[in-house]
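Chemist: Here's the letter readout for the chains.
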Amino acid sequence: MNEDEVRALITLAGPGDEPVPAGANLPGLLARGRRQRRNRALLVVSGSALTTAAVVLFVVLIAGRAPSGESLRPANAPVSTTTTTTTKPLTTTEVPVTTGSAPTPSSTKSTPGTTTHDSSSDPATPGGHVPTSTAR
Amino acid sequence: MAIPVRDSEDVLPEEPIRGTAPRWEGEFVAYFEARSPSLRSTAFVLCGDWHRAEDLLQVTFLKLYQVWPRLVRRGELDGYARRVLVRVFLHENRRLWRSREQVSAEPPDTAAPGDPDVAQRLAVRAALAAVPPKQRAVLVLRYWNDLSVEGSADALGCSVGTVKSQTARGLATLRKRLGPQLDDLVRGGRKEHWA
Numbered sequence: 017m018n019e020d021e022v023r024a025l026i027t028l029a030g031p032g033d034e035p036v037p038a039g040a041n042l043p044g045l046l047a048r049g050r051r052q053r054r055n056r057a058l059l060v061v062s063g064s065a066l067t068t069a070a071v072v073l074f075v076v077l078i079a080g081r082a083p084s085g086e087s088l089r090p091a092n093a094p095v096s097t098t099t100t101t102t103t104k105p106l107t108t109t110e111v112p113v114t115t116g117s118a119p120t121p122s123s124t125k126s127t128p129g130t131t132t133h134d135s136s137s138d139p140a141t142p143g144g145h146v147p148t149s150t151a152r
Numbered sequence: 003m004a005i006p007v008r009d010s011e012d013v014l015p016e017e018p019i020r021g022t023a024p025r026w027e028g029e030f031v032a033y034f035e036a037r038s039p040s041l042r043s044t045a046f047v048l049c050g051d052w053h054r055a056e057d058l059l060q061v062t063f064l065k066l067y068q069v070w071p072r073l074v075r076r077g078e079l080d081g082y083a084r085r086v087l088v089r090v091f092l093h094e095n096r097r098l099w100r101s102r103e104q105v106s107a108e109p110p111d112t113a114a115p116g117d118p119d120v121a122q123r124l125a126v127r128a129a130l131a132a133v134p135p136k137q138r139a140v141l142v143l144r145y146w147n148d149l150s151v152e153g154s155a156d157a158l159g160c161s162v163g164t165v166k167s168q169t170a171r172g173l174a175t176l177r178k179r180l181g182p183q184l185d186d187l188v189r190g191g192r193k194e195h196w197a
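Just so you know, the sequences run in chain order A and B. If you're matching positions, the first sequence starts at 17 in the working numbering and goes up one per residue. If you're matching positions, the second sequence starts at 3 in the working numbering and goes up one per residue.
It is worth saying that the hints were derived from the structure and are not from the lab. Being a predicted model, the structure only gives us computed values, none of them experimental. Just so you know, even glycine gets a beta-carbon here, dropped at the ideal spot from N, CA and C. Any given hint could be a false lead.
To be verified - Cβ pair distances, simulated, as ranges: (1) Ala79(A) x Asn95(B): 39 to 47 Å; (2) Glu19(A) x Arg96(B): 47 to 55 Å; (3) Val69(B) x Asp20(A): 31 to 39 Å; (4) Gly39(A) x Asp80(B): 30 to 38 Å; (5) Pro71(B) x Val72(A): 47 to 55 Å; (6) Glu152(B) x Leu59(A): 47 to 55 Å; (7) Ser64(A) x Pro39(B): 38 to 46 Å; (8) Cys160(B) x Ala38(A): 48 to 56 Å.
What the hints assert, rightly or not - Incomplete in silico selection of chain A near chain B, CB under 8 Å: (9) Ile26; (10) Gly30; (11) Gly39; (12) Ala40; (13) Arg48; (14) Leu58; (15) Val61; (16) Gly63; (17) Asn92.
What the hints assert, rightly or not - Only some residues are given here: those of chain A computed to face chain B with a beta carbon under 8 Å: (18) Pro31; (19) Leu46; (20) Leu66.
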């Protein structure tokens with residue numbers, strides 16, 4: 017089939033002499049169209065207003081949660097052994113400052129065959145902090 | 003296309019509609035009156051049923067009404083209207099209730115095929131109804147609306163290659179359905195086409 021033959025064939029499928037029902041209902045179509053346009057406009061406006069209100073509410077809520085005046089503090093006081101030892105007056109019974117430094121983490125590890133002393137808990141240990149009456 | 007602007011009160015003397023009519027409504031009414039017969043016959047060739055064609059036309063013009071102000075600014079009214087019609091048709095065919103509705107093989111108001119011309123028409127319509135909707139839409143756009151391959155592709159929103167392949171498949175289906183009576187139909191159709 018060439019194009020003209022197909023065209024002729026499709027023409028046969030078109031409307032012939034048969035009675036054709038009445039045309040489209042124009043007033044009904046216009047009424048429906050107006051209603052749909054109005055509803056769509058209403059939807060757009062209300063959606064926009066709703067979105068604006070939601071954004072404003074969100075901003076107000078965020079702004080209402082004002083930060084507290086207190087500044088952040090560390091959970092633990094900073095460990096400073098040097099300041100405590102230097103402020104104390106040296107007495108004859110006190111050990112030199114250099115020996116009273118905090119033990120390094122490696123020295124606190126107990127290894128088999130060695131004896132370690134906790135200088136903070138044993139006042140008799142040389143190097144530990146010994147409070148004396150002369151310090152008053 | 004230059005559309006004569008009419009006053010909407012001329013067209014709708016008994017105005018049962020609430021609200022004010024937009025200023026452009028007269029143009030829309032004029033376009034409706036000028037173009038609805040041709041779009042209606044296109045819809046009829048697409049679906050083979052006057053009542054369904056009427057539904058397609060209503061939905062098409064309703065969609066045109068929604069976008070009319072933008073559409074007039076852009077031009078290409080006819081092409082857009084045809085595109086909307088074909089897409090509405092394809093969309094309708096995708097709906098499940100449409101397939102559930104077709105329970106009988108023969109429409110109840112079939113004309114008696116006493117006249118050979120009527121018999122030919124009915125045969126071609128039945129064959130065209132057997133072609134899948136998208137292929138049918140391509141055939142109608144190309145051979146009923148006389149659109150080019152590119153124009154059909156634009157109306158359907160697909161590529162030129164798709165239009166060509168769908169045309170070939172649609173014609174093959176049509177040929178298969180018509181069988182041996184194809185030659186008689188082509189001769190009869192040609193006579194009517196050139197008359």
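Chemist: Hints first: check each against the structure and report whether it holds.
Modeler: Hint check:
1. Between Ala79(A) and Asn95(B) the C-beta distance comes to about 55 Å, which lies outside the given range of 39 to 47 Å.
2. Taken as a hint, the range 47 to 55 Å is violated for the pair Glu19(A) and Arg96(B), whose Cβ atoms sit roughly 29 Å apart.
3. Here the CB-CB span from Val69(B) to Asp20(A) is close to 37 Å, well matched to the stated 31 to 39 Å.
4. Our hint of 30 to 38 Å for Gly39(A) and Asp80(B) is violated, since their Cβ atoms are close to 19 Å apart.
5. Remark: the range hint 47 to 55 Å for Pro71(B) to Val72(A) is contradicted by a beta-carbon distance near 32 Å.
6. Checked against the hint of 47 to 55 Å, the pair Glu152(B) and Leu59(A) fails, with Cβ atoms roughly 37 Å apart.
7. Restraint check, Ser64(A) to Pro39(B): a C-beta distance of roughly 41 Å satisfies the suggested window 38 to 46 Å.
8. Under the hint 48 to 56 Å, the C-beta atoms of Cys160(B) and Ala38(A), about 35 Å apart, miss the expected range.
9. Checking Ile26(A) against chain B by beta carbon gives a least distance of about 4 Å; that is within 8 Å, so the hint holds.
10. The interface hint given for Gly30(A) is met, as the beta carbon of that residue sits about 5 Å from the closest beta carbon of chain B, less than 8 Å.
11. Taking 8 Å as the C-beta contact cut-off toward chain B, the hint placing Gly39(A) at the interface holds, the least distance being around 6 Å.
12. Checking Ala40(A) against chain B by beta carbon gives a least distance of about 5 Å; that is within 8 Å, so the hint holds.
13. With its C-beta approaching chain B no nearer than about 6 Å, Arg48(A) sits inside the 8 Å limit, and its interface hint holds.
14. For the restraint placing Leu58(A) at the interface with chain B, the shortest Cβ-Cβ distance is roughly 12 Å, beyond the 8 Å limit, so the hint is violated.
15. Proximity of Val61(A) to chain B is violated relative to the hint, the smallest CB-CB distance being about 16 Å (cut-off 8 Å).
16. This hint is violated: Gly63(A) has a C-beta 17 Å from the nearest C-beta of chain B, more than the 8 Å allowed.
17. For Asn92(A), the suggested interface contact is broken, since its CB lies about 68 Å from the closest CB of chain B, more than 8 Å.
18. Hint on Pro31(A) holds. Least Cβ distance to chain B is approximately 5 Å, under the 8 Å limit.
19. Contact between Leu46(A) and chain B, as hinted, is supported at the beta carbon level, the nearest pair being about 6 Å apart and thus within 8 Å.
20. Because the smallest distance between the Cβ of Leu66(A) and any Cβ of chain B comes to about 23 Å, over 8 Å, the interface hint for this residue is violated.
Of the numbered hints stated above, those contradicted by the structure are hints 1, 2, 4, 5, 6, 8, 14, 15, 16, 17 and 20, listed in ascending order.
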